[in-house]
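K.L.:
Sequence:
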Amino acid sequence: MRKIYLIALGVIVATELVQAKNFKLLIEGEGGDESGTNLNYPFYIDKKSNNWKVEVGFNSNKYDDVEPLGSKKFDGKKTTQMDEKNIYLSLSYVLGQGTTLFSIGAEYELFTQEKKQFGYYQEKTDYHPYDNNIDIKGSKLNIVADFHYATKNDPIMIDLKTTITPKTNLEIEQETKIFPNLHNGGILKSDSTMDLSYLIEGEIIFNMGKYFNFGIEGKYGFMPYDYQLKIINSTRDGYVESNQKYDEKRSEIFGKIFIKKWLSDDIFPTIGFGQRKIDIDDESVTQNLVLFGIEKWF
1 MRKIYLIALG VIVATELVQA KNFKLLIEGE GGDESGTNLN YPFYIDKKSN NWKVEVGFNS
61 NKYDDVEPLG SKKFDGKKTT QMDEKNIYLS LSYVLGQGTT LFSIGAEYEL FTQEKKQFGY
121 YQEKTDYHPY DNNIDIKGSK LNIVADFHYA TKNDPIMIDL KTTITPKTNL EIEQETKIFP
181 NLHNGGILKS DSTMDLSYLI EGEIIFNMGK YFNFGIEGKY GFMPYDYQLK IINSTRDGYV
241 ESNQKYDEKR SEIFGKIFIK KWLSDDIFPT IGFGQRKIDI DDESVTQNLV LFGIEKWF
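Residue numbers (my numbering): 1 to 298.
Calculated directly from the structure, the hints in this document are not laboratory data.
Errors might be hidden in some of the hints.
To be verified - Below, simulated EDC-like cross-link-like pairs (lysine to aspartate or glutamate); rule was C-alpha separation at most 16 Å, straight line: (1) K115 / E175; (2) K189 / D226; (3) K167 / E107; (4) K245 / D281; (5) K189 / E217; (6) K189 / E114; (7) K85 / D46.
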(Lines of atoms letter the chains of each structure in order from A and count residues from 1; the text may use other names and numbers.)
(Lines give C-alpha, C1' and ligand atoms only; values in the text may rest on other atoms or scores of the structure.)
Protein backbone atom coordinates (compact mmCIF):
# COMPACT_ATOMS: atom_id res chain seq x y z
CA MET A 1 0.00 0.00 0.00
CA ARG A 2 1.26 3.48 -0.89
CA LYS A 3 0.19 6.50 1.12
CA ILE A 4 -0.02 9.98 -0.41
CA TYR A 5 -0.60 12.85 2.02
CA LEU A 6 -2.59 15.74 0.61
CA ILE A 7 -3.86 19.09 1.81
CA ALA A 8 -7.30 19.97 0.44
CA LEU A 9 -8.78 23.42 0.06
CA GLY A 10 -12.55 23.45 -0.42
CA VAL A 11 -14.73 26.43 -1.27
CA ILE A 12 -18.48 25.89 -1.36
CA VAL A 13 -20.75 28.73 -2.49
CA ALA A 14 -24.53 28.71 -3.08
CA THR A 15 -26.98 30.71 -5.15
CA GLU A 16 -30.69 29.88 -5.35
CA LEU A 17 -31.25 26.16 -4.78
CA VAL A 18 -33.32 25.77 -1.61
CA GLN A 19 -32.07 23.38 1.11
CA ALA A 20 -29.01 22.27 -0.82
CA LYS A 21 -25.37 23.16 -1.36
CA ASN A 22 -25.46 24.73 -4.81
CA PHE A 23 -21.82 24.99 -5.76
CA LYS A 24 -18.93 22.92 -4.48
CA LEU A 25 -15.31 23.47 -5.40
CA LEU A 26 -12.65 21.26 -3.81
CA ILE A 27 -8.96 21.75 -4.61
CA GLU A 28 -6.38 19.29 -3.28
CA GLY A 29 -2.61 19.53 -3.36
CA GLU A 30 0.69 19.49 -1.51
CA GLY A 31 2.85 21.54 -3.80
CA GLY A 32 3.79 18.36 -5.71
CA ASP A 33 2.19 16.24 -8.41
CA GLU A 34 -0.81 15.09 -6.35
CA SER A 35 -3.90 17.24 -6.82
CA GLY A 36 -7.63 17.08 -7.32
CA THR A 37 -10.67 19.24 -8.03
CA ASN A 38 -14.37 18.66 -7.47
CA LEU A 39 -17.01 21.02 -8.85
CA ASN A 40 -20.75 20.46 -8.35
CA TYR A 41 -23.49 22.93 -9.31
CA PRO A 42 -27.20 21.96 -9.04
CA PHE A 43 -30.05 24.38 -9.77
CA TYR A 44 -33.80 24.35 -10.43
CA ILE A 45 -34.96 25.14 -13.96
CA ASP A 46 -38.59 25.80 -12.96
CA LYS A 47 -38.54 28.54 -10.34
CA LYS A 48 -42.25 28.27 -9.49
CA SER A 49 -42.67 24.59 -8.64
CA ASN A 50 -39.01 23.59 -8.07
CA ASN A 51 -39.69 20.11 -9.49
CA TRP A 52 -36.94 19.89 -12.12
CA LYS A 53 -33.30 20.01 -11.09
CA VAL A 54 -30.22 20.22 -13.33
CA GLU A 55 -26.79 19.32 -11.99
CA VAL A 56 -23.44 20.03 -13.65
CA GLY A 57 -20.19 18.66 -12.26
CA PHE A 58 -16.48 18.15 -12.85
CA ASN A 59 -14.01 15.98 -10.93
CA SER A 60 -10.29 15.35 -11.30
CA ASN A 61 -7.72 13.35 -9.37
CA LYS A 62 -3.98 13.06 -10.00
CA TYR A 63 -1.55 10.93 -8.04
CA ASP A 64 1.73 9.01 -8.21
CA ASP A 65 2.55 5.49 -7.07
CA VAL A 66 6.10 4.12 -6.87
CA GLU A 67 7.03 0.45 -6.52
CA PRO A 68 10.54 -0.39 -5.25
CA LEU A 69 13.00 -2.75 -6.87
CA GLY A 70 12.22 -6.38 -6.12
CA SER A 71 8.71 -5.74 -4.78
CA LYS A 72 6.15 -8.54 -4.69
CA LYS A 73 4.03 -6.83 -7.33
CA PHE A 74 6.79 -6.25 -9.86
CA ASP A 75 10.22 -7.70 -10.58
CA GLY A 76 11.74 -4.29 -11.27
CA LYS A 77 10.99 -0.68 -10.38
CA LYS A 78 8.12 1.41 -11.71
CA THR A 79 6.59 4.83 -11.24
CA THR A 80 2.93 5.24 -12.16
CA GLN A 81 1.35 8.65 -12.79
CA MET A 82 -2.45 8.66 -12.97
CA ASP A 83 -4.51 11.63 -14.18
CA GLU A 84 -8.30 11.16 -14.00
CA LYS A 85 -11.05 13.57 -15.07
CA ASN A 86 -14.81 13.34 -15.50
CA ILE A 87 -17.62 15.73 -16.35
CA TYR A 88 -21.35 15.08 -16.00
CA LEU A 89 -24.76 16.64 -16.63
CA SER A 90 -27.98 15.36 -15.04
CA LEU A 91 -31.70 16.13 -15.08
CA SER A 92 -33.84 14.99 -12.14
CA TYR A 93 -37.46 15.28 -11.02
CA VAL A 94 -37.83 16.40 -7.39
CA LEU A 95 -40.59 15.12 -5.10
CA GLY A 96 -41.52 16.35 -1.64
CA GLN A 97 -41.33 19.67 0.12
CA GLY A 98 -40.25 21.17 3.43
CA THR A 99 -37.74 19.00 5.28
CA THR A 100 -37.82 15.94 3.01
CA LEU A 101 -36.87 15.91 -0.68
CA PHE A 102 -36.38 12.97 -3.07
CA SER A 103 -35.26 13.14 -6.69
CA ILE A 104 -34.65 10.65 -9.48
CA GLY A 105 -33.27 11.26 -12.95
CA ALA A 106 -30.75 10.54 -15.69
CA GLU A 107 -27.13 11.63 -16.01
CA TYR A 108 -24.67 11.65 -18.89
CA GLU A 109 -20.99 11.35 -17.93
CA LEU A 110 -17.71 11.52 -19.83
CA PHE A 111 -14.39 10.52 -18.24
CA THR A 112 -10.72 10.06 -19.08
CA GLN A 113 -7.88 8.18 -17.41
CA GLU A 114 -4.30 8.89 -18.45
CA LYS A 115 -1.85 6.36 -17.06
CA LYS A 116 1.88 6.88 -17.55
CA GLN A 117 4.39 4.31 -16.34
CA PHE A 118 8.15 4.34 -16.41
CA GLY A 119 10.10 1.47 -14.96
CA TYR A 120 12.63 -1.31 -15.26
CA TYR A 121 12.03 -5.00 -15.82
CA GLN A 122 14.50 -7.63 -14.71
CA GLU A 123 16.03 -10.13 -17.13
CA LYS A 124 18.62 -12.37 -15.52
CA THR A 125 20.90 -9.93 -13.69
CA ASP A 126 20.11 -6.86 -15.79
CA TYR A 127 17.35 -4.23 -15.59
CA HIS A 128 15.92 -2.82 -18.84
CA PRO A 129 13.86 0.41 -19.03
CA TYR A 130 10.35 0.69 -20.46
CA ASP A 131 7.62 3.29 -21.04
CA ASN A 132 3.95 2.37 -20.88
CA ASN A 133 1.25 4.96 -21.68
CA ILE A 134 -2.45 4.04 -21.57
CA ASP A 135 -5.27 6.51 -22.29
CA ILE A 136 -8.83 5.44 -21.49
CA LYS A 137 -11.87 7.48 -22.58
CA GLY A 138 -15.33 6.47 -21.42
CA SER A 139 -18.98 7.48 -21.56
CA LYS A 140 -21.84 6.54 -19.26
CA LEU A 141 -25.60 6.98 -19.06
CA ASN A 142 -26.38 6.88 -15.34
CA ILE A 143 -29.50 6.56 -13.22
CA VAL A 144 -29.27 8.92 -10.23
CA ALA A 145 -31.39 9.14 -7.07
CA ASP A 146 -31.05 11.69 -4.23
CA PHE A 147 -32.58 11.93 -0.77
CA HIS A 148 -32.39 15.02 1.46
CA TYR A 149 -33.77 15.40 4.98
CA ALA A 150 -34.00 18.48 7.26
CA THR A 151 -32.97 22.11 6.99
CA LYS A 152 -30.01 23.98 8.44
CA ASN A 153 -31.79 24.61 11.78
CA ASP A 154 -32.78 20.98 12.47
CA PRO A 155 -30.72 18.73 14.80
CA ILE A 156 -29.67 16.44 11.93
CA MET A 157 -29.26 16.95 8.17
CA ILE A 158 -28.99 13.90 5.89
CA ASP A 159 -28.05 13.72 2.20
CA LEU A 160 -27.87 10.42 0.29
CA LYS A 161 -27.11 9.83 -3.40
CA THR A 162 -26.92 6.67 -5.49
CA THR A 163 -25.60 6.49 -9.06
CA ILE A 164 -26.14 3.29 -11.07
CA THR A 165 -24.51 2.72 -14.47
CA PRO A 166 -25.95 -0.21 -16.49
CA LYS A 167 -23.00 -0.15 -18.91
CA THR A 168 -19.91 1.92 -19.75
CA ASN A 169 -18.37 2.39 -23.20
CA LEU A 170 -14.56 2.56 -23.36
CA GLU A 171 -11.98 3.63 -25.93
CA ILE A 172 -8.40 2.55 -25.16
CA GLU A 173 -5.16 3.80 -26.70
CA GLN A 174 -1.85 2.22 -25.70
CA GLU A 175 1.77 2.95 -26.55
CA THR A 176 4.42 0.75 -24.92
CA LYS A 177 8.17 0.90 -25.53
CA ILE A 178 10.58 -1.62 -24.05
CA PHE A 179 14.25 -0.87 -24.53
CA PRO A 180 16.60 -1.69 -26.14
CA ASN A 181 14.90 -4.09 -28.59
CA LEU A 182 11.09 -3.62 -28.34
CA HIS A 183 10.63 0.12 -28.74
CA ASN A 184 8.22 -0.48 -31.66
CA GLY A 185 5.07 -2.57 -31.92
CA GLY A 186 3.44 -1.89 -28.56
CA ILE A 187 0.66 0.26 -30.04
CA LEU A 188 -3.01 -0.68 -29.74
CA LYS A 189 -6.41 0.99 -30.15
CA SER A 190 -9.50 -0.88 -29.00
CA ASP A 191 -13.10 -0.47 -27.83
CA SER A 192 -14.87 -2.21 -24.98
CA THR A 193 -18.11 -2.25 -22.98
CA MET A 194 -18.17 -2.73 -19.21
CA ASP A 195 -20.87 -4.22 -17.01
CA LEU A 196 -22.86 -2.68 -14.15
CA SER A 197 -21.09 -0.15 -11.90
CA TYR A 198 -22.32 2.07 -9.07
CA LEU A 199 -21.45 4.89 -6.66
CA ILE A 200 -23.03 5.46 -3.22
CA GLU A 201 -22.56 8.80 -1.42
CA GLY A 202 -23.79 9.97 1.97
CA GLU A 203 -23.48 12.94 4.32
CA ILE A 204 -24.87 13.50 7.82
CA ILE A 205 -24.49 16.78 9.73
CA PHE A 206 -25.20 17.16 13.44
CA ASN A 207 -26.26 20.49 14.91
CA MET A 208 -23.97 20.76 17.94
CA GLY A 209 -25.34 24.03 19.26
CA LYS A 210 -24.63 27.71 18.91
CA TYR A 211 -21.04 27.68 17.69
CA PHE A 212 -20.42 24.66 15.43
CA ASN A 213 -21.83 21.64 13.58
CA PHE A 214 -20.12 18.31 12.94
CA GLY A 215 -20.47 16.37 9.68
CA ILE A 216 -19.45 12.99 8.27
CA GLU A 217 -19.22 12.27 4.53
CA GLY A 218 -18.61 8.94 2.84
CA LYS A 219 -18.42 7.45 -0.67
CA TYR A 220 -18.09 3.95 -2.08
CA GLY A 221 -17.83 3.08 -5.76
CA PHE A 222 -17.39 -0.10 -7.81
CA MET A 223 -16.41 -0.38 -11.48
CA PRO A 224 -15.44 -3.56 -13.40
CA TYR A 225 -12.91 -3.11 -16.22
CA ASP A 226 -12.55 -5.45 -19.21
CA TYR A 227 -10.42 -4.50 -22.23
CA GLN A 228 -7.43 -5.54 -24.39
CA LEU A 229 -3.80 -4.43 -24.03
CA LYS A 230 -0.51 -5.48 -25.57
CA ILE A 231 2.03 -7.10 -23.25
CA ILE A 232 5.46 -8.63 -23.79
CA ASN A 233 5.32 -12.29 -24.85
CA SER A 234 6.81 -15.22 -22.97
CA THR A 235 10.01 -15.23 -25.04
CA ARG A 236 10.43 -11.45 -24.55
CA ASP A 237 10.98 -10.82 -28.25
CA GLY A 238 7.61 -9.30 -29.19
CA TYR A 239 4.12 -8.28 -28.07
CA VAL A 240 0.89 -10.21 -27.71
CA GLU A 241 -2.65 -9.01 -26.95
CA SER A 242 -3.95 -9.83 -23.48
CA ASN A 243 -7.34 -9.39 -21.83
CA GLN A 244 -7.21 -7.02 -18.83
CA LYS A 245 -10.05 -7.81 -16.45
CA TYR A 246 -10.14 -6.34 -12.95
CA ASP A 247 -12.42 -4.62 -10.42
CA GLU A 248 -11.77 -1.10 -9.17
CA LYS A 249 -13.16 -0.12 -5.76
CA ARG A 250 -13.02 3.40 -4.38
CA SER A 251 -13.92 4.53 -0.87
CA GLU A 252 -13.74 7.89 0.88
CA ILE A 253 -14.65 9.07 4.36
CA PHE A 254 -13.93 12.25 6.27
CA GLY A 255 -15.31 14.36 9.10
CA LYS A 256 -15.79 18.14 9.12
CA ILE A 257 -16.43 20.83 11.70
CA PHE A 258 -18.60 23.77 10.59
CA ILE A 259 -17.85 26.98 12.51
CA LYS A 260 -20.91 29.16 13.17
CA LYS A 261 -21.29 32.85 13.99
CA TRP A 262 -18.07 33.89 12.26
CA LEU A 263 -18.77 35.14 8.73
CA SER A 264 -22.59 35.15 8.74
CA ASP A 265 -25.58 33.03 9.75
CA ASP A 266 -25.48 31.12 6.44
CA ILE A 267 -21.75 30.88 5.64
CA PHE A 268 -19.68 28.37 7.62
CA PRO A 269 -15.89 27.94 7.49
CA THR A 270 -15.05 24.22 7.71
CA ILE A 271 -12.07 22.11 8.67
CA GLY A 272 -11.78 18.33 8.53
CA PHE A 273 -9.68 15.23 7.92
CA GLY A 274 -10.38 12.22 5.74
CA GLN A 275 -9.07 9.40 3.61
CA ARG A 276 -9.57 8.23 0.03
CA LYS A 277 -8.62 4.68 -0.97
CA ILE A 278 -8.40 3.15 -4.46
CA ASP A 279 -8.21 -0.66 -4.68
CA ILE A 280 -7.46 -2.48 -7.95
CA ASP A 281 -7.29 -6.22 -7.26
CA ASP A 282 -4.37 -6.60 -4.82
CA GLU A 283 -2.95 -3.09 -5.38
CA SER A 284 -3.97 -0.11 -3.28
CA VAL A 285 -3.36 3.65 -3.12
CA THR A 286 -4.38 5.63 -0.02
CA GLN A 287 -4.67 9.44 0.10
CA ASN A 288 -4.97 11.11 3.51
CA LEU A 289 -6.73 14.49 3.26
CA VAL A 290 -6.84 17.62 5.38
CA LEU A 291 -9.82 19.77 4.39
CA PHE A 292 -10.36 23.51 4.73
CA GLY A 293 -13.45 25.13 3.25
CA ILE A 294 -16.40 27.47 3.32
CA GLU A 295 -20.01 26.35 2.89
CA LYS A 296 -23.16 28.37 2.46
CA TRP A 297 -26.49 26.75 3.30
CA PHE A 298 -30.07 27.75 2.58
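K.L.:
Hints first: check each against the structure and report whether it holds.
P.N.:
Each hint tested on the structure:
Taking the CA atoms of K115 and E175, the gap is near 11 Å; set against the 16 Å cutoff, the hint holds. Annotation: proposed proximity of K189 to D226 holds, straight-line Cα distance about 14 Å (limit 16 Å). The straight-line distance between the Cα atoms of K167 and E107 is roughly 13 Å, inside the 16 Å bound, and the hint therefore holds. With a C-alpha separation of about 10 Å, the suggested pairing of K245 with D281 holds against the 16 Å cut-off.
Distance check on the hinted pair: K189 and E217 sit about 39 Å apart at the alpha-carbon level, beyond 16 Å; violated. Distance restraint check for K189 and E114: the Cα-Cα separation of roughly 14 Å lies within the 16 Å cut-off, and the hinted pair is therefore satisfied. For a cut-off of 16 Å, the pair hint linking K85 to D46 is broken: about 30 Å separates their Cα positions.
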